[in-house]
Structure formats: structure tokens, C-alpha cells
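**Student:** Okay, here's what each chain looks like letter by letter:
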Amino acid sequence: MTTPVLTEPDAVAPAAPSLTARLLRGLLPYVLALVAAFLVSGVVIAALGYDVVGAFRTILTTSFRTGFGFTETLTKWVPLTLLALGFTIPLAVNRFNIGGEGQLLVGATAAAGVGIVYAELPMVALMPLLILAGVLAGVVWAGIAAFLMGRFGVNEILSTVLLNFVSFQVLDYAATEIWSDPAAGVAATQRVGEGAVLPDIGGPPGVHAGILLAGLVALATILVTRGTAAGFELRASGTNPRAAGINGIRVEKVAVVALIVGGALGGLAGALEVAGVHGRALEGMQSNFLLLGIIIGLIARGSALWVPVVAFGIAILEVGASSMQRTVGVPAEMVLIIEALILIFLLLSDVIAARLARRAA
Amino acid sequence: MTEFTSLAQLTVVAMVPFLLASLGTMLGGLTGVFSVSQEGVMLLGASVGFLISFATDSSTLGILLAAGVGAVFGFALGWATTVLRLDQFVVGLALFFAATGLAGLLYRVVIGQTATTPRTDTLPRLEIPLLSEIPVLGRVFFSHNALVYFAGLLAVGLYFFLYRTRAGLDLRSVGENPRAADSLGIAVVRTRLWTTTAGGALMGMAGAFLPLVYTGTFTEGIVGGRGWLAIALTFFGGWRPQFIVAGALFFAAMDVIALRTEIAGTDIPGQVLLVIPYVATLIVMIFAFRWARVPQFLGRNYDRESRTG
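Chains as they are written, first to last, in our numbering: chain A, 14 to 374; chain B, 209 to 517.
Chain B on its own, in the form it takes in the complex (with noise of 0.2 angstroms):
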């Protein structure tokens, strides 16, 4: 396998999270929730999906069950903002430390103090024939685990569904404008719960990637920021799957020329090659924000009483 070859597939898998955690941030803030919650959710998804592997040997109900905990963790954001019309952030936020907390605690509980790391294996590869002959595209694109294909189908999918589709527009309605929604007889509370709840599945999934993917391992630095950054990247794509796509190949090739320079070995300090992928999304978004569309509706609460909203 030639140098760029492998690069390219590594940018491939490092892409996923970004991209599954992404379209979950898409996806409620598209009808109007925005969450801030991810990082707590990919650490609490993380850890989940780690310890349920651990113990069942089964990396499919890990990933289910990460996805299960991140739906609990959206649907609550979304019952609290629609029913209760609490604010969007401060609700993030709670819900953010308390994955956060619930993430440690259930590491420490089920594992406790162990002298040595606890391993799970990392989910299998699965070759696709035919496609996986094809010099280089087949290593790129057609060798990796589930998640990956899972990933890029979701995005497509999504794409269809918002873009092409009858509910796709209703659903967007409700991010646009909930009071024209409603009164077309859009369900705009109900809208907001099923996005934010499947929004929260695939953060948890996004965050049981990494350690069933990457590490093997559960650490409580494991997210690294990732769950801050799929927030940049869902601006940075302007709310919109083919762009998230996009986004999600710039942010995954600054992780994957952080690592690669740092083995390669440079006068580089490490320091300067780890802060690349943060500084460059601080850049990006100096554009991302001026020319990026969002959702008319997002982060406000809809009040169908309220004259003003």
C-alpha cells in the first residue's frame, strides 16, 4: 500500500465521528434545537460503548446501546425545550456535565482501579467485493469497519431525505419558521423531539467509535474536543449534509497530518502540530461564519401562545 494510499483511508475512518456527530447536530438544530451537549455525549457514548464490549464481547450492542444512551441524553434536551421551553444552552450545558459525570463514574464503577489497561477489541473489517479490488478507491473507501459505511450511506441518506422528499421540507419548515409550520399543521413539538433524539443516538455512536475504532481502550480525554468541534464543522457546512461531508474531510485530514507529522519526526515541536486542527477550524470559521446559512429558528423556543415569537 503506497504512503498516500494509506493516508487517504486513515482520513476515511477520521472522518466518521465528525461526520456522525455532525449530522446529530444538524439534525435537531435543522428544526430548531441546538445542542451543546455533544462532547458529554461522545464521552458518555465512549465509555458505554467501551465497557458494554468489554463485557458482552459484542461491539454491535456496544455501538446500540452508546447510540440508546445518546438518544436518552437528545430526547432530553428536546422534551425540555419544547415542553418545558427551557433555554437551549443552559439545558446543553446541564446535560453535558451530567454525561460528562455519568461517563467517569460508570467507567470507574464497572472497571474500578486496575493496574492495567482493559482492552475490547476493535471492530472487525469488512471488505466489500468486488469494490474492495479496485486499486486504490477499493483500500480507500470499500475496507473498513461497519460504522464507516454506516456513516457515509447516513449522509446520502439524509441528503435525499431533507432535499428531496415532502417530510424532508416539513421537517426543515420547523427550524425555518415553527409559526407558518404550525399552522400548516406541522407537529412542531413532536418534530423536535424525533431529530433531537436521533440527533443524541448518533453523538453517542460518534463517541463509541473512538474507543471500538481507534484505542481499544476507554480514557477520559478520549473525545479530545471532537464533540466542540462537530458544532464548528455543522456551521462550517452550513447546516446541509453534502457540505458536512465536506467539512468533515478538512477536519479529519488536520487529524490525520497532526499524527502522521509527529511519527514522521520534525524540528517541529509537538505542541505547534497538536494545536493544528484547532487553530485551522478558529480560522475556517472566520468564513464558515459569514457566508454559512443557518436555520431562521435556531436555539429559539417555540411558544404557540407567545405574539412575539
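With the rest of the complex left out, here is chain A (with noise of 0.2 angstroms):
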């Protein structure tokens, strides 16, 4: 199980290619597994006797048709960036981590628990404090599998995945037992201080400043695994294991390390959800950020660059299908079938352009 996960397709690569055909070849793919995915989820919507023409208009011009579509698209993309790049990183070196949800929930219970106890704090101080507190817990939670993993050789999918179901638990516990607001509804902590909530930046409607903070993380990301030691040995140590090892980089540590940080990127999500979004942590805010992120990160071939471009385009469909819900009446959860649609015919469409360029050879 050490193979690379995620490879260029094969390509057979013809006397210098230029920059336009290079392009093209990569796009080409994507754009036949959308259409292709369009296509196949049209056929259902139509058999199922919807309005195909409607709900596809819905799902791809909600995001833009009104100030407040755009500012959700925006919110929404803040988590989904960060759940994705929590999955790439450790990717690189062929971890999985499906544990983000978990990640993020204990981030948040941190992050409400220091935004109601020091709620009296000024911004400047709560703010720093709240944020490192979700980091924090993120990096514990994910620690625990990045332990388990590098001491025992426990597979970090499954550790990583049980975890998720833990952290129900806490969330649960948190907003049950210890900072409970009994007239929330569901199980949600009080809310945090005046203190531990972002302000909006833009606007009306405004998207709230984390989304400055998310965007950092992922330039980060991208100048971090593209130029420095320490990315180049997270990419050696996932391209060639054996040859990393050999040349002293030790793989089983820098495996351990991208889980963790994987982990705290999860951990920042939930403190900015509790920060920017819901000004406290409850029950289902997780969403299916989970999910969508991996598949963000698959569509994006695990690229750090690539990542925040898949996930403003998942923010739109993901906005565009409660609208459609709404509008058009298609159930919301023919996005997602949608989205994994786009994933198998990226998959699909790498193998006949493999096939295609060794038959041109």
C-alpha cells in the first residue's frame, strides 16, 4: 500500500509540447468528466420528472445572482478550503485523513468553550486565543491517530474515521452539560462574546474576515509544499517512499507530522465556523464538509494550488442546490451525486487520455 495515490496521467510526452497544448491536455479532462456528470445527473432529473433546464440553472447562477448567494458561496468555501488541504497534506505522503469532521468539531467545542469562558476579553486578545484554541485541539485530535499510526501502524483511515464518531460525543457533551443553551433548539453551547465574533468584511451582506485568515493558510500551503525543504520532502517522501528514505528524509515522521498538520487546519475551520459563522458551536455544523472536502481535494489531484479553485466551484453548486431545492423542487442531495459524478469521470477520463496519448505514441 505504498504506491503513489495520485499520479499524472501516463503521459507519453511528444517532442515539446507547448504551453496551449499542455494546458489543453490538462484541462481536457475536467471539462469532458463536468460535462459528462451533467449529463448523466440531467438524465435522473429528468426521469424523475423535474425541471432539468431549471434546476441546473439554479444550481449554477445562484451563487451570482444576488449579493447574498455570492457571500454564502464565500462563507461556505472557508471550511470546504480548509477540510480539502486538511485531506491534501497528508495525502502527499499517501495518508488518508477522512477524520475533518472530527477535526473540526473539536475545534469548535475548543474554540466556543474560550469564547464563553473569556468572553469578557477584548477582541484583540480573545480572538488570537479563541483561534489557537480550535488549532489546538484540532492538532490533538488528529494526534492521536498520527500516534497511533507512526508508534503502532494503525491505519489512520480507520483511526482517523472513529475518532469523527467521538467527537460527536464531545460536541454533544459541551453543549449538553458544561455551556448548555437550552433555548437553542438543538444541542448548541451558549453563545460566545462580543469579543470572539469576526467582524464582517465588504458588504452588506458581508463575508466574515476569516475568510482573509483561510486564504492565508492556503497561500501558505502552496509556497510551503512547493518551496521549501520541508514540502519537497513531503512530496519525495509520497513519490517514492523508498528513494526518500534512502536519502535520509525519514518518511514515517514527515507522515506523522502532515497528519497533524492536516488536523490543526481542521481544528481552524471549526473556530472560524464558531467565529465568522455560527457564534457558538452545535449539533450538525459540520455539515458534509467532510465529504466534500475529499472530494475537493481528489477533483484537484491534491494540488495545494488547485484546491481553493475546486472548492469555490463545489461553494457554488453546494449553494446553488438548496436553492434548487427550494425553487425547482429537486432534493439538495442530488448534488452530491453530481459532485461524485464529477470525481469517477475525472477518473475515467485520466484512463482514456492515457490510453489515447500511448496509442499516438
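A hint or two may mislead.
Claimed, not checked - To give a feel for the contact side, a few chain A residues facing chain B, derived at Cβ under 8 angstroms: (1) 133; (2) 182; (3) 341; (4) 357.
Said to hold, decoys possible - Far from chain A, by Cβ distances over 10 angstroms, these chain B residues were calculated: (5) 264; (6) 272; (7) 283; (8) 316; (9) 322; (10) 330; (11) 361; (12) 372; (13) 453; (14) 462; (15) 467; (16) 474.
Note that these hints are calculated values from the structure, not bench results.
Bear in mind the structure is a predicted one, so any value in this text is a computation, not a measurement.
Glycine included, every Cβ here is placed at the ideal spot set by N, Cα and C.
Both chains come to you apart, so use the hints to assemble them.
**Tutor:** Next up, the structure:
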């Protein structure tokens, strides 16, 4: 199980391809996948007796028709990007972090705790503390899985997933026993203090300032993975663990660190959801960010550069989907199928592209 | 019925979804294909099983169709990883998403929004004549619905097939060393295809068991991690049916203990009880990964033309 997970489609390189040719070959699978996914889901939507054109128009344009839709899209972009990066960083070493949900929830719980207990502090003091608490909680959560993996060889897919189920109860305990807010209707903590609420930028309607931090984190991830020694070790450990090991990189250690960094991003996402969106930690706040983060990471083929772009595309679909359910009546679950189909067709078109390239050679 | 008898009987019932899903995982894994779509395929099985049973009043038909859609997903995994040689984890995750989406969509489309939760009948209990009369043992083992007997017989049957027949040896050789198997004339791709298909069918059945035996209703959280636990169980059982049965007993007991203690009412917070199965699994895996034998070629695709694989 040590072969690289995500490899570029095995291209048989013709003599010095031009930039446009390379770009075309890179984008073609995406275009094919998108078209095929929408075709198939269009057939399904039509078969169920709904208005296909209306459904697709709503999905694709809701984000751009109103300021509110666009704000909502950007707000969703924040956790999606962070969780997707939390998935792709360990993926670079061929480790699967399926625990983004748990890392987000414990991060949110810790952040909410700090925001409630130190509610009186001014924002300059409280906000960094809250974010730090969220990140640390994510680190601890992923750290458990990383420790079990590094020390005992426990499969990280299983440990990270199982910790998700534990995290539901951690949040539930905090929301019903420690800082419970009985008036909230669902299991939810009390609201955090004034200083723990991120201000909006732009607008109205505006996006919470956490988007700047998420953008910075995404930028830093790109720079670190592409331009530093640590990033090189990460990529080398993933693409050829044996060669990396021979050259003195401790692959196991790199994997452990990568998983913990992934957890930190999940925890950060949780803290930002508390400070920027909900003002508290509550049941169900993880939405389906875990699945979407993984889909985004896989569609972006693990590239930190592409994750923010793909995350924006998925955020558009997600915001469009809930609107589609209201206006056209197509259940919002449809969009998860569209997203899964995009991924599946992307994988298939890689195979086709590789076969075409082989035949051409 | 004494407290012990009823607990033991509940535990046997709780073993079934774990057993079916884990045996399904094992089948594909023994030929080298590692599925990670259990959680999604089980949810789809639960959705389909419930809906068919609800619409036709035939739980048998519900279970069969749940197995059918599971088989389709199993076949898709087998096909994508053998014929196309795509990465097993990536395809498995993609199928997990697709199955999860489809499960929710089907329920929404058929049932829609309703004020009351729709219910279907749970599976009838079949008492085995004579055997069910035995004190204690009869209650615990021979007074269940048909799926419980099926799961038990399947485990025994698979054990004999895998370890006492030539075909079983051939099957296992595909997961241990596909190149050697190939050179002996064993059809590697065909073996991988049928094991993943059968494995998927078992996962679908495991999912259908939940609404049709436990609840009579379908909810999106009905699987509750049992699919992932089934993977852990398969590792724990060293990819061998006899140890998987033993492991399923442990997982089921954790399930029942957590449930019972909560009902009995203690000073322990409910949240602590609810994490018992997951935490226990994490701890057990520390040991399981040390002693468990794993098929040599698990998770890796076989390329006949490659010189390195």
C-alpha cells in the first residue's frame, strides 16, 4: 500500500509540447468530466420528472445573482478549502485523513469554550486565543491518530474516521452538560462573547474576516509545499518513499507531521465557523464538509494550488443546490451525486487520456 | 427470559450487520481489492431495503434488492480497479460518496417530506423447531429472523470454501501473489470481479438489516459508523472468517452494553457510553495491527504487463 496514490496521467511526452497544448491536455479531462456528470445527472433529474434546465440554471447561477448568494458561497469556501487542504497535505505522503469532521468539531468545541469562558476579554486578546484553541484541539485530535499510526501502525483511515464518531459526543457533552443553551432548540452551546465574533468585511451582506485567514493559510500551503525543503520532503516521501528514505528523509515522521498539520487545519476551520458563522458550537455544524473536502482534494488531484479553485466551484454547487430544492423541488441530495460523478468521470477520463496518448506515441 | 439470555440474544442479533459487512470486505480483500465504501453502500442498502419493503410489503424483496444495488457498487469497484487499474482508495471513496448521495436522494424522492415517520414491518422471527426448545441456547441461537441464520451459515460456509477447497486456495492466492496465480492459469481479473461483487452484495444486505430488523424506519444516520467499524473488524479478524465471527461478537457486545447501560440509567454521562464502541475499537486496533495477517497484495492493483508490480 505504499504506491503513490495520485499520479499524473501517464503521459508519453511528445517533443516539447507548447504551453497551450499542455494546458489543453490538463483541462480536457476536467471539461469532459463536468459535461459527463451534468449529462448523467440531467437524465436522472428528467427521469424523476423535474425541470432539468431550471434545476441546472439554479445550481450554477444562484451564487452570482444576489449579493447574498455570493456571500454565502464565500462563507462556505472557508471550511471547504481548509478541510480539503487538511485532506491533501497527508495525501501527499499517501495517508488518508478522513477525520476532518472530527477535527472541525473538537476545534469548534474548544473555540466556543474559550469564547464563552473568556467572554469579557477584548477582541485583540480573545480572537487569537480562540483560534489557537481551535487549532490545538484539531492538532490533539489528529495527533491521536498520528500517534497510533506512527507508534503502532494503526491504519489512519480507520482511526481518523472512528475519532469523528467520538467527536460528536465531545460536542454533545459540551453543548448539553457544560455550556448548554436550552433555548437553542438543538444541542448547542451558549453564544460566545462580543470579542469572539469576527467582523464582516465588504457588503452588506459581508463575509466574515476569517476568509482572509483561510486565504493566507491556502497561500502558505502552496508556498511551503512548492518552495521549501519541508515541502520537498513531503512530496518526495509520497512519490517515492524508498528513494526518500535512502536519502535520509524519515518518511514515517513526515507522514505523522503531515497528518497533524491536516488536523490543525480542520481545527482552524471549526474555530472560524464558531467565530464567523454560528457564534457558538452546535450539533450538525459540520454539515457534509468532510465528504466535500475529500471530493475537492481528489478533484484537485492533491494540488494545493488547485484546491481553493475547486473549493470555490463546489461551494457554488452547494449554495445552488439548496436553492434548487426550494425553487425547482429537486432534492438537494442530488448535488452530492453530481459531485461524485464529476470525480468518477475525472478518473475515467484520465484512463482515456492515457490510452489516447499511448496510441498516439 | 433471564437478563443474561436476553442480552445474549440481542448480542447475536447485533453481530449480524458487522458480520455481513465484514465478510463482504474480507471477500474482496482476499483477492487484493480493499473497499472503503462500506459506510455508503450500507446506507444505500438500508435506504433501498426500507423503501422496497415499505412499498411492496415484502421484506424479502427489500433485502434482495439491497443486495443487488450493493453488488452493482461492488462490481464498479472491481471493474475500475482491475480493468482500468484506478487507485482503490480513490475509487472506493468516490463510490462511498455516490452511494451516500443516492441513498438520501431515493428516500427523498419516494417518501418526500412527511409529518409522521413512515414505518415498515420488521423481519418475522423464525423459531427453529426442536432446537429453539433447548433452554437458554435455544433462545440465544435458534429464535431469530432469517438473516441471522444466513449470516451464521455464510461464515461457516466461507470458512470451508476458503480453507478446505481448491477453489478457495486459488482465490486466496490472487490476493497473496497475483503474478504467481496468473501464471498458474487462475483468472485474476475475473476472481477479483466476482469477489468484489459478492462483497458489495453482502454490504448492501448488512445495510438493509438495520431498518428491517432494528428500527422499521430509515434515517440518514442509521449506519452510524458500522461500515467503518466493519473495516476495523476485518483487520482485527486477520481476514479470516472464524476470527471475524469472534471479532463481531466483541463489536456487538460493545453495541449492546452501551445501549443497555444507557437504558438502565447510571451516573455515567450518556456521551461516554456512546463512544465505547469506537474507543474500544481504537484500542483493540493497536493489538490487531500487530498480529493480524493481511493479504500481501491488499490495496494494490495487478498489471500483467508491468515488470515491477
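**Student:** Run the structure past the numbered hints and jot down the numbers of the failing ones, going up.
**Tutor:** 1, 3, 8
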